[in-house]
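Start from chain A and add chains B and C according to the hints.
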Amino acid sequence: MPLLEVNNLEVCFGLRSGAVKALRDVSFTLERGERLGVVGESGAGKSVLGFSIINLLSRPGHISAGNVNFEGKDLASLAPEELRSIRGNRISMIFQDPMMTLNPVLTIGVQMVECLQAHRQISTSDAKRIALKRLQQVQIPSAEKRLDQYPHELSGGMRQRIVIAIGLLLDPDIIIADEPTTALDVTIQAEIMDLMLNLCEQNNVALILITHDLGVVSQVTQRMLVMYAGRIIEQGPTKEIINDAQHPYTQGLMNALPQMAIPGQKLNQIKGTMPPLQNIPTGCSFNPRCEYVMDICTKKLPPFTQSGNCLVACHMVADSQHGPQQEKLRSEEV
Amino acid sequence: MIAFFVKRFFQAVVVMFVISLISFSIQDNLGDPLRELVGQAVSEEERQTMRDEMGLNDPFLVQYLRFAKKAVQGDLGNSYFFKKPAFEVIMKKLPATLELVFGATIIIVLFSVPIGVYSAIHPEKWFSKTVMGLSIVGISIPVFLTAIGLIYLFAIELNWLPSYGRGETTSVMGFWETGLLSADGLRHLILPSFTLASIMLPLFIRLIRAEMMEVLQSEYVKFAWAKGISPRRIYFVHALKNTMLPVITVGGVQIGTMVAYTILTETVFQWPGMGFLFLEAVNRVDTPLIVAYLIVVGAIFVVTNTLVDLIYGLVNPTVNLAGKK
Amino acid sequence: MADSTQQMEQQPTTLQRFKASHFWHSFRIDRVAQLSFIVFLIYALLAIFASVIAPFDPYDASQIDIMNSEIPPSWEEGGEEGFLLGTDAQGRDMLSTILYGTRVSLMIGLCAVALQALLGIVIGLTAGYIGGRVDSLLMRIADIQLSFSTLMVAIIVLAVFQATFGTELYQQLAMIMLILVIGIAEWPQYARTIRASVLAEKKKEYVDAARVMGFGRLRIMFRHILPNTLSPILVISTVQIANAIISEASLSFLGLGMPVSQPSLGSLISSGFEYIFSGAWWITVIPGVVLVVLVLVMNLLGDWMRDVLNPKLYKG
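Protein chains in written order, with the numbering used here: chain A, 9 to 342; chain B, 7 to 331; chain C, 59 to 374.
It should be emphasised that the hints constitute simulated quantities derived from the structure, not laboratory data.
Just so it is clear, CB atoms sit at the ideal spot from N, CA and C, and this is done for glycine as well.
Treat the hints with care, as some may be off.
As the list claims (entries may be wrong) - Chain C is faced by these chain B residues, among others (derived, beta-carbon under 10 Å):
#, residue
1, SER146
2, ILE147
3, THR273
4, VAL291
5, ILE296
6, LEU313
Isolated chain A (complex conformation):
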């Protein structure tokens, strides 16, 4: 049984102009100790996916269909108090901007101790000892001193180390990291990423790494999901996708990497922009930007097709696997 299983997850944002679906039909699994990358352009629904796993969507967002199975419980329909006992304890999160994540009026010590005491019956001095150990694990210099300091006294990189230390406090099964290095200086980014990778390996923690950086994904993760306009369009082992992307969008992302460009020439951008969520085209949502667009792409949603170890949602891939005939049959079933 996988550690985490997400089935047909759908997230809606009820706005005055009508409901907007930020996630549609998202399904994937995560094994114990596995590292999974979630990539896509901004607005593709990566962060929403991260937050919806622990059901922490801010109003007016809510999970409107599907489930999130973790240890035999459906997190999407769990009572608030039970959900609370899982958040920060079994599944913890690391946010994007460390400058905004820590409460400015509470000391680092208070913010660490409260997390331990929220989940365990533990004395403050014991909690402080654990907090100190974690701070040392994330390689913070003179850790003892930090417990009594306020966030504004620390640099961005230092704060993100502390957020990671808070994430590790209770030996969680899963860490969801939402662009954990985007807001940091380039020089510190690699340091923090290495630290996270090491800690996850040492403690056998599963990691869901949300990022738009394909380089990081290829270094850190074992499997990856590619998201576009609220949907997963391709998922599978990271190596396979990086080396041989099936979906035209994923191919476009790979080709857009600076190292793929021929020196002296323009970068290979994917033409056009991602559609706004209120206004997603029928059929394959990528069809207006796709080089290989076919008639069927504008009419019918592509189903997931197995290709190697990957699952790809593209008519072209489906055609080459099963032939158009079979595809027709499948669509009638749906």
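Here is chains B and C on its own, set in the frame of chain A:
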């Protein structure tokens, strides 16, 4: 800490200097001290010699310094009406005003924090919507109408509470006449306190609600949820502390308004405080008393603003009390 | 003729743009805003046409008969049909006095806010556009001005003025003094908000474009930046009119505002206060209700506009 007080002290000196200048110009221009002393039946020549003797023909600066020197010693001249030192007259009325402000402050804090926090956490509930509706009505009613309404309802119609005066007072430590120690004194305090609180209460409820709602949207509150902290702790430790920072700042600014409104409240309730006395002094053109009032009110400003800054510095760790930001 | 038709053709575009705007749409779906606006219009009309509508002229001593004093409203026992809302202690018709009082209150409110806006906009634009030392000096002054409450400043200034020049001269100048004091004391509200908007607008490209095209500073400020700060000005003004009316009423209540011979709503309430204990409630209550409804309507409109236009107002 020492740097903070030094900086504050200089600010206080500047403010008091400005107030003393204003006060002195009032004294200089308002009424003729000679008329108060000798009446009309003295010839012009005699007046001139008297003016010279009293130093009234000295240059402005000399006169101001003389005034300031006396003022520092607490000597602001005799009240024309009470024939007693103006400073003494004012200080005798100070406890009544401070107790009124104190009562109003307690009411404001007691009501605005829970109501503001609740309606920020549950903005959709009917209670929150009713509070928001009522608060805008509250803002729209001038304080003297609130006073008249309360008097009409609770003093005339229901006859539950007294409508004027301070009631029974007891002397504490020889100089402080307090109404807080007797049931009668407390009963007299209720209506004026609620009246004075009624201007600030809707303002603070709306302010706390708005700030709290903003804080609840912040990343650090979201992170606290992700840590699995209990809702109670998130609302009252994580959110409330950050909410109170701007509220304290606004509260500091509002102290001035509060002092101004004591004049109105005391007038309606004939509360024997400084505000009521000030208005009487204005009507009697009792210059030394007007000046004494201005200086005491200025001092209250300086002291309360220092206190507010101090509290703000204690609550907000990013403010270094030494003055660095 | 051809010109006018052309203009006629052009005008609807502005009107149509207004009709299609978010502003107009939210007004159409918001009952409270509509009602508030209608009530405000009624007040404005009553104030403008007070001398036409009012059955008596309360400023004309020959129309006042002391024998008619303290007649209750016509629907009460002892009321007279000639005096719809009764009479006050001097025998003046309440309806007429309230109509004239509303006019005085509204006039002081509007003029005072116009003065505040003028001062605040000029100072705010200067501070924001020039920046540097000028900016920090002006804003420091604004801080100090704000920490002394308007009412406090007004009470002291008016009290000193009254004591210096005597009650008689003061009564003649009361209206101008009230407008000046309330107008001058509240400029920082505008100045701070305008300055914040200017700082935000200054970064935008069109200001650079205007400068590149060689327009002068003044022209850039008034023709280009000012129109973009209109929505915060509109929101502040609505609330400030409400505040100014309350301030005026409070000062009049203390006897530092409009004299009884030329009463505003505040001085009417004040003059009726003595009689509330003897049962003549209408002298206080009716102008009180008129005042509260006027202020409430302005506050509701201001609140609604704040929600719709959502300008970045200066906090604190």
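Hints, verified against the model:
1. Restraint check, SER146 (chain B) versus chain C: the minimum CB separation of about 4 Å is within 10 Å; hint holds.
2. The closest approach between the C-beta of ILE147 (chain B) and any C-beta of chain C is roughly 5 Å, which is under the 10 Å cut-off, so the hint is satisfied.
3. Taking 10 Å as the C-beta contact cut-off toward chain C, the hint placing THR273 (chain B) at the interface holds, the least distance being around 6 Å.
4. For VAL291 (chain B), the shortest C-beta to C-beta distance to chain C is roughly 5 Å, which falls under 10 Å, so the interface hint holds.
5. Taking 10 Å as the C-beta cut-off, the interface hint given for ILE296 (chain B) holds, the closest approach to chain C being about 7 Å.
6. The restraint placing LEU313 (chain B) at the interface with chain C is violated, with a minimum CB-CB distance near 14 Å, outside the 10 Å limit.
Hint 6 from the earlier list is the only one contradicted by this structure; the remaining hints agree with it.
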